[in-house]
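Asker: Per UniProt numbering: the sequence shown = residues 1 to 135.
Don't read these hints as lab results, they were simulated from the structure.
The beta-carbon is built from N, C-alpha and C at its ideal position, and this holds for glycine as well.
Some hints could be false.
Stated by the list, open to error - Taking lysine to any residue and the SDA-like style, the derived pairs with C-alpha atoms no more than 20 Å apart in a straight line are:
(1) Lys79 x Ile32
(2) Lys124 x Val114
(3) Lys79 x Arg93
(4) Lys79 x Lys59
(5) Lys124 x Leu111
(6) Lys59 x Arg93
(7) Lys79 x Ala100
(8) Lys59 x Gly109
(9) Lys59 x Leu111
(10) Lys79 x Val94
(11) Lys79 x Pro15
(12) Lys79 x Lys120
(13) Lys79 x Met122
(14) Lys120 x Asn75
(15) Lys124 x Gly109
(16) Lys79 x Ile53
(17) Lys124 x Glu113
(18) Lys79 x Asn125
Stated by the list, open to error - What follows is a list of derived Cβ distance ranges for each label pair:
(19) Glu48 x Val114: 16 to 26 Å
(20) Phe126 x Gly90: 42 to 52 Å
(21) Glu113 x Thr91: 42 to 52 Å
(22) Tyr123 x Val5: 16 to 26 Å
(23) Lys59 x Ile81: 22 to 32 Å
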Amino acid sequence: MGLLVANLVYYPECPSSHLVVGSGRHSEVSSITLLLQDDIGGLYARPEGDQWIHVSPVKGALIINIGDALQIMSNDRYKSIDYRVFLTEGTNRVSVPIFANALCNSIIGPLLEVLDAGEKPMYKNFLFVDYLIIS
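Let the sequences and hints guide you as you build the complete structure.
Answerer: This is how it looks when you write it as structure tokens:
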């Protein structure tokens, strides 16, 4: 079993939003992150390389982000990517991401069930809390 964590994030109105980042470049440490979209926007994703893509807001849509822990457990079959959030001019924004995490004392590593015959694990096993501390 794991732990579900909900954060309440408040981004205030910003008259010079092009000068401020609401949340800098980061990947999700969790296995999966759920985010209910609003119609304001400001979320950017970087799937590969240096190109940032604006995640167009679709009010009521659910964004599902693959986190670092799932990338490790899937032996890179599923990839965690970078995200950032820019503030928007003229409006406040509230975001409530829900993170599906392993318990702190859980051992994380590639699951043997996902490895093909002869495939080597790309990661060593480690305590999830150790990963939280370094990230």
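Asker: Run every hint past the structure and note whether it holds.
Answerer: Tested hints:
no. : hint                       : in the structure
1   : Lys79 x Ile32              : holds (11 Å)
2   : Lys124 x Val114            : holds (15 Å)
3   : Lys79 x Arg93              : violated (28 Å)
4   : Lys79 x Lys59              : violated (25 Å)
5   : Lys124 x Leu111            : holds (11 Å)
6   : Lys59 x Arg93              : holds (13 Å)
7   : Lys79 x Ala100             : holds (16 Å)
8   : Lys59 x Gly109             : violated (36 Å)
9   : Lys59 x Leu111             : violated (36 Å)
10  : Lys79 x Val94              : violated (27 Å)
11  : Lys79 x Pro15              : violated (35 Å)
12  : Lys79 x Lys120             : holds (17 Å)
13  : Lys79 x Met122             : holds (13 Å)
14  : Lys120 x Asn75             : holds (9 Å)
15  : Lys124 x Gly109            : holds (6 Å)
16  : Lys79 x Ile53              : holds (16 Å)
17  : Lys124 x Glu113            : holds (15 Å)
18  : Lys79 x Asn125             : holds (18 Å)
19  : Glu48 x Val114: 16 to 26 Å : holds (21 Å)
20  : Phe126 x Gly90: 42 to 52 Å : holds (45 Å)
21  : Glu113 x Thr91: 42 to 52 Å : holds (46 Å)
22  : Tyr123 x Val5: 16 to 26 Å  : holds (23 Å)
23  : Lys59 x Ile81: 22 to 32 Å  : holds (23 Å)
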